[in-house]
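**Q** Chains as they are written, first to last, in the working numbering: chain A, 1 to 157; chain B, 1 to 103.
Honestly, the hints are just simulated from the structure, not real lab data.
Backbone N, C-alpha and C define an ideal beta-carbon position, used for all residues, glycine too.
Check the hints yourself; a few may be wrong.
[Claimed, not checked] Simulated crosslink set (EDC-like; lysine to aspartate or glutamate; CA at most 16 angstroms straight-line):
hint, chain 1, residue 1, chain 2, residue 2
1, A, Lys100, A, Glu43
2, B, Lys67, B, Glu27
3, A, Lys146, A, Glu99
4, B, Lys76, B, Glu17
5, B, Lys76, A, Glu43
6, B, Lys54, A, Asp110
7, B, Lys67, B, Glu17
8, B, Lys54, A, Asp138
9, B, Lys80, B, Glu17
10, A, Lys100, A, Asp64
11, B, Lys19, A, Glu49
12, A, Lys90, A, Asp110
[Said to hold, decoys possible] Covered by chain A, according to a simulated footprint, are these stretches of chain B (three or more residues, beta-carbon under 8 angstroms):
hint, stretch
13, 2-13
14, 51-60
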Amino acid sequence: MNRRRRELVKTGSGMGLLALLAAAGWLKPDAAHAQAWNKAAFETHNMTETMKALGGGEPAQSKDIVFFQTPDIAENGAVVPIGIASNIPKTDSIAILIEKNPNMLAATFDIPAGTEPTISTRVKMGQTSNIYALVKADGKYYVASKEVKVTLGGCGG
Amino acid sequence: MADPMKIRANLVGDSTEVKVLMNHEMETGQRKDAQGKTIPAWFIQSVSATCNDKTVLSAQWGPAVSKNPFLSFKFKGGAKGDKVVITWVDSRGDKRTDEATIA
């Protein structure tokens, strides 16, 4: 615990204290600074928990979220390219969730005005799983999914 | 100090396309070493990109992002010669900031 505290303090520049308060449970995570790492959300194991940690309700299925550069079959689970584009107006953030990973949430991206809601990155996948693209637009959550088959897992070793 | 990032920023039409390749182990905390001890997690937790002091992207990552992470995004409002500055902070509190000029 003490080591974690030191790490949080070192994260520094005023964010440290907020992170520490959040870790100690004095502040709810969503009340802390937006930049503080959302530890609770990154430790969730299913969609319901993740949505709760992100502070949203049940997401609506959407056909306006498109996967690109995302393979149907990934040979190496350690490096799976994921591209997500949202055609929903006022997209605020995009999150990548991988259903069967030890922790479901892989990454979240905040999209300020002027930035296109199109993100591409690479993630690790432990096994064949559905990938969810969770989009927050105008206060509402939308989701789209795609199955990626993995022939060689990228977690554990 | 961590190794530098490779950043490319190109003007395509009226938007700037940014591609970043970071050097980081992104250790998940799930793997075990030869002695069976768990290797502690060590990964980039937050990334932010700014152009002309305006934030163009901020992200929070978990350990599921690949080793030596790649990131690409597009934003409007950049001009040739402007600088794109990218900063990451990892779970040990290490930081790295690099910049590139829009071409």
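**Q** Going back to the hint list, which numbers does this structure go against?
**A** Failing hints, ascending: 5, 7, 8, 10, 11, 13.
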